[in-house]
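Student: Here is how the chains run, residue by residue.
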Amino acid sequence: MDFRLNEEQQMLQDTVARLVRGEYSFEKRLEYSESELGFSADFWKQLGELGLTAVPFPEELGGFGGTGVEVQSVMTELGRGLCIEPYLQSVVLGGGLISQAGNSEQHEQWLGGIASGETRAAVGLQEPQSFYDLNDVEARAEKSGDGYVLNGRKAVVIGGHCADVLVVSARTSGNSRDADGISLFLISADAEGLEHRTYPTIDGSRGCDLFLNNVKLGPGALLGEEGKAAEVIEYQAGRAISALCGEAVGAMEVACDLTLEYLKQRKQFGVPIGKFQVLQHRMVDMMSELEQARSMAILAASVADEPQSDERRRILAAAKNVIGRSGQFISEQGIQSHGGIGMTWEYNFAHYAKRLVMINHQLGDDDFHLERFAALLK
Amino acid sequence: MNLNYTAEELAFRDEVRAFLDEKLPADIAAKVKGFRRLSKEDHQRWQKILNEQGWYATHWPEEYGGVNWSPVQKHIWDEESSRYGAPRSVPFGVNMVAPVIIKFGTEEQKQRYLPRILTGEDWWCQGYSEPGAGSDLASLKTRAVRDGDHYIVNGQKTWTTLGQHANMIFCLVRTNTEVKAQEGISFLLMDMDTPGITVRPIITLDGEHEVNEVFFEDVKVPVENLVGEEDKGWTYAKYLLTYERTGLAGIGISKAALQHLKELATRRTKNGRPLIEDASFSQRIAKVEIDLMAASISNLRIIASVEGGGMPGAESSMLKVRGTEIRQTINDLARRAIGPYAIPFVEEEMDLDYDGDFLSDENAAPVTPQYFNNRKLSIFGGSNEIQKNIVSKMILGL
Numbered sequence: 000m001d002f003r004l005n006e007e008q009q010m011l012q013d014t015v016a017r018l019v020r021g022e023y024s025f026e027k028r029l030e031y032s033e034s035e036l037g038f039s040a041d042f043w044k045q046l047g048e049l050g051l052t053a054v055p056f057p058e059e060l061g062g063f064g065g066t067g068v069e070v071q072s073v074m075t076e077l078g079r080g081l082c083i084e085p086y087l088q089s090v091v092l093g094g095g096l097i098s099q100a101g102n103s104e105q106h107e108q109w110l111g112g113i114a115s116g117e118t119r120a121a122v123g124l125q126e127p128q129s130f131y132d133l134n135d136v137e138a139r140a141e142k143s144g145d146g147y148v149l150n151g152r153k154a155v156v157i158g159g160h161c162a163d164v165l166v167v168s169a170r171t172s173g174n175s176r177d178a179d180g181i182s183l184f185l186i187s188a189d190a191e192g193l194e195h196r197t198y199p200t201i202d203g204s205r206g207c208d209l210f211l212n213n214v215k216l217g218p219g220a221l222l223g224e225e226g227k228a229a230e231v232i233e234y235q236a237g238r239a240i241s242a243l244c245g246e247a248v249g250a251m252e253v254a255c256d257l258t259l260e261y262l263k264q265r266k267q268f269g270v271p272i273g274k275f276q277v278l279q280h281r282m283v284d285m286m287s288e289l290e291q292a293r294s295m296a297i298l299a300a301s302v303a304d305e306p307q308s309d310e311r312r313r314i315l316a317a318a319k320n321v322i323g324r325s326g327q328f329i330s331e332q333g334i335q336s337h338g339g340i341g342m343t344w345e346y347n348f349a350h351y352a353k354r355l356v357m358i359n360h361q362l363g364d365d366d367f368h369l370e371r372f373a374a375l376l377k
Numbered sequence: 009m010n011l012n013y014t015a016e017e018l019a020f021r022d023e024v025r026a027f028l029d030e031k032l033p034a035d036i037a038a039k040v041k042g043f044r045r046l047s048k049e050d051h052q053r054w055q056k057i058l059n060e061q062g063w064y065a066t067h068w069p070e071e072y073g074g075v076n077w078s079p080v081q082k083h084i085w086d087e088e089s090s091r092y093g094a095p096r097s098v099p100f101g102v103n104m105v106a107p108v109i110i111k112f113g114t115e116e117q118k119q120r121y122l123p124r125i126l127t128g129e130d131w132w133c134q135g136y137s138e139p140g141a142g143s144d145l146a147s148l149k150t151r152a153v154r155d156g157d158h159y160i161v162n163g164q165k166t167w168t169t170l171g172q173h174a175n176m177i178f179c180l181v182r183t184n185t186e187v188k189a190q191e192g193i194s195f196l197l198m199d200m201d202t203p204g205i206t207v208r209p210i211i212t213l214d215g216e217h218e219v220n221e222v223f224f225e226d227v228k229v230p231v232e233n234l235v236g237e238e239d240k241g242w243t244y245a246k247y248l249l250t251y252e253r254t255g256l257a258g259i260g261i262s263k264a265a266l267q268h269l270k271e272l273a274t275r276r277t278k279n280g281r282p283l284i285e286d287a288s289f290s291q292r293i294a295k296v297e298i299d300l301m302a303a304s305i306s307n308l309r310i311i312a313s314v315e316g317g318g319m320p321g322a323e324s325s326m327l328k329v330r331g332t333e334i335r336q337t338i339n340d341l342a343r344r345a346i347g348p349y350a351i352p353f354v355e356e357e358m359d360l361d362y363d364g365d366f367l368s369d370e371n372a373a374p375v376t377p378q379y380f381n382n383r384k385l386s387i388f389g390g391s392n393e394i395q396k397n398i399v400s401k402m403i404l405g406l
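Same order as they appear, the protein sequences are chains A and B.
First residue of the first sequence: 0, per this note's numbering; consecutive thereafter.
First residue of the second sequence: 9, per this note's numbering; consecutive thereafter.
Worth double-checking, as some hints may not be accurate.
Calculated pairs, SDA-like style, for lysine to any residue (alpha carbon to alpha carbon, straight line, at most 20 Å) [to be verified]:
| no. | chain 1 | residue 1 | chain 2 | residue 2 |
| --- | --- | --- | --- | --- |
| 1 | A | K274 | B | N392 |
| 2 | B | K149 | A | G339 |
| 3 | A | K266 | B | S147 |
| 4 | A | K263 | B | A141 |
| 5 | B | K149 | A | V270 |
| 6 | A | K266 | B | G163 |
| 7 | A | K266 | B | E393 |
| 8 | B | K246 | A | F268 |
| 9 | B | K270 | B | F366 |
| 10 | B | K396 | A | H280 |
| 11 | B | K396 | A | F275 |
| 12 | A | K266 | B | P139 |
| 13 | B | K149 | A | G269 |
| 14 | A | K274 | B | F366 |
| 15 | B | K31 | B | K82 |
| 16 | B | K188 | A | H280 |
To be clear, the hints were calculated from the coordinates, so they are not data collected in a lab.
Next up, chain A with everything else stripped away, as it sits in the complex (with noise of 0.2 Å):
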């Protein structure tokens, strides 16, 4: 049993933190959250250039072939900068469902761009009643000759504000709720009756609402087969949970070294506040739920590429539910710890919080993931 990455993988995680490290400062974010973008194109070119968004791709699609492993690498490196590149929504979910589900033709289409950096995608999964079910869909795409006319909203799609192409699920049949009748859409940003309600999001990214007012689309547009997008889209929300413990787990350990840093050279009542026991002990809680974490985000990362099994269910959900909890853990007793400066904007502490907060709130929180692997129990 070795948990280490192999040669490569450490390579390719080095080649992440080194971009990070040159391109990154905290200083440097704030710029780029507040650039109309919203994020650093010119470091997101940089992870095309290096082959980085071509990772998870198969190699005969122009990919790296890289397995959960490497995205994680990838992902962890990210979140100890605090990235807000749209990596997780552009190349796991929407290249991966691409991937995973299109045709030749759509391969060809939009992978090549994808893996390249130079096409964006995001996907629309989610609906204002949703929560995180995302078999609760109620946009409908009507059969219209050989095509489709799609109605509907979707919710929080990050990223979405700057997509290419956005991978939309729509019902073709069923009620919602139903896993049967699901289907999943190309939509080009420019599509006519697509409106997006652009925002920021609490964390220094950007996203959007998408309305899809009779938005017309031809055969090509269907993604995967008709009415059969749950598993497809379960499968790949899978990995994409796999690669956010990746960010969270980078995103943690920042937040702790943070933490920890502060302990030693903060002083009150004459000595540093980490001689006190009571922080102490705290400061080894953090450190313990980073572990877990860590833990959780191996295991996850080991079954992301495997056929799809409750087993892989039940590792996935237990693994988002650590992460959820670890970091909401980390990142409150963190601003505790640092008092008053651990909650301001010019201090990167509050950041990571904001964060690892709202990585619960993506893809299902801690909450969600218990229930479900509460309904796995055997």
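With the hints as your guide, set chain B onto chain A.
Tutor: Using the frame of chain A, we list chain B on its own:
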């Protein structure tokens, strides 16, 4: 044992309710209930209404224009005004510096400052914490050196809440460096317009400007602005902190926030049903409601024990810890209730006069910022760790 209000107390509650029904402006109540920003003008408008009723200074003796309510009456007022969505009074003038001036100030200070607090002419802020003096407040370094009829003040204060609105500040300053830390501190009142005072905003993680840094560079403060005796400021500071600590538990606010959470959970859906009908989410709400019920009775027990006069002791520290934990849990649940919509930061919807479509729920926009902002509750007014130190020392003798 009798846990019911007396007939007089019930009559008082009716009077409070009638007043709030009639006088509380609907727009202000809507802001408070929806966790939206209050402007300086909102606070001042409500203060004027309260002052006209004679109910602004609930902690003052009647001779200075206070109400002199019993602890139970104050409690009824807190409960009802929170429930109706009345803003909490900004405490720095009326509930912090005023009790100190009343107890330790000169006749001139009382004559000059107390009426101006009642009318709202003066907006006070607090100069306690410094970059190097947080939990260890007594290590403060802002220096005041006597020079004839003045003190010359140099140094820096921080976390000065709403200092951007204030025209007056009360400060703890070091007047003696020869003695042990607590014995060389004095309590000074300063006009914020005095040359040499600079206010710089601190933006918090939710993007809000609520707190400030205040810098003092050769600020000339007349000696008549000293409260009490030189070097005895620590005594006054501690006296003030006992006032600060009561009410920090925020039981009334938690009750209002719980109501807000339930409404949110009734409108949000999960599996096609209202979220509040979801077994696990409703149990989370139930658990915090039970905790709040217990804390609320603990609060009443403290109130009853001081009904005869005096200030609550270290019990209020325990209640501060509990109360702030409960408020933070309610904020956590509200954030959970809006699910994916916790992520968008839709600032425009936080203004009451926003007239566009709401992204998800009319009350969703402030929820996540509020959750992050209220991490402060366990830090300010003496961090919860310091409160526990107080309890272990004062009650347990450890």
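Student: Next, verify each hint and record whether it holds.
Tutor: Now the hints, each set against the structure:
As the CA atoms of K274 of chain A and N392 of chain B are separated by approximately 17 Å, the hinted pair is consistent with the 20 Å bound. Proximity of K149 of chain B to G339 of chain A is assessed by CA-CA distance (about 18 Å); at most 20 Å being required, the pair is judged to hold. Under the criterion of a C-alpha separation no larger than 20 Å, the hint pairing K266 of chain A with S147 of chain B is consistent with the structure, at around 11 Å. For the suggested pair K263 of chain A and A141 of chain B, the alpha carbons sit about 16 Å apart, so the restraint of at most 20 Å is met.
Distance restraint check for K149 of chain B and V270 of chain A: the Cα-Cα separation of roughly 17 Å lies within the 20 Å cut-off, and the hinted pair is therefore satisfied. Restraint check for K266 of chain A and G163 of chain B: the C-alpha separation of about 18 Å stays at or below 20 Å, so the hint holds. At roughly 15 Å between alpha-carbon atoms, K266 of chain A and E393 of chain B fall within 20 Å of each other, so this suggested pair holds. In summary, the hint linking K246 of chain B to F268 of chain A is supported, as the alpha carbons are separated by about 17 Å, within the 20 Å threshold.
Our distance criterion of 20 Å between C-alpha atoms is met by K270 of chain B and F366 of chain B, whose separation comes to about 19 Å. Of the pairs offered as hints, the one joining K396 of chain B and H280 of chain A holds, with about 15 Å between alpha carbons and a cut-off of 20 Å not exceeded. Straight-line distance between C-alpha atoms of K396 of chain B and F275 of chain A comes to about 13 Å, which keeps the hinted pair within the 20 Å bound. Distance check on the hinted pair: K266 of chain A and P139 of chain B sit about 11 Å apart at the alpha-carbon level, within 20 Å; holds.
The suggested pairing of K149 of chain B with G269 of chain A holds, with an alpha-carbon distance near 14 Å, which does not exceed 20 Å. Between the alpha carbons of K274 of chain A and F366 of chain B the distance comes to roughly 49 Å, so the proposed pair goes past 20 Å and is violated. At most 20 Å may separate the alpha-carbon atoms for a hinted pair to count; K31 of chain B and K82 of chain B meet this at roughly 18 Å. For the suggested pair K188 of chain B and H280 of chain A, the alpha carbons sit about 31 Å apart, so the restraint of at most 20 Å is broken.
Figure legend: structure checked against the earlier numbered hints; hints not met, in rising order: 14 and 16.
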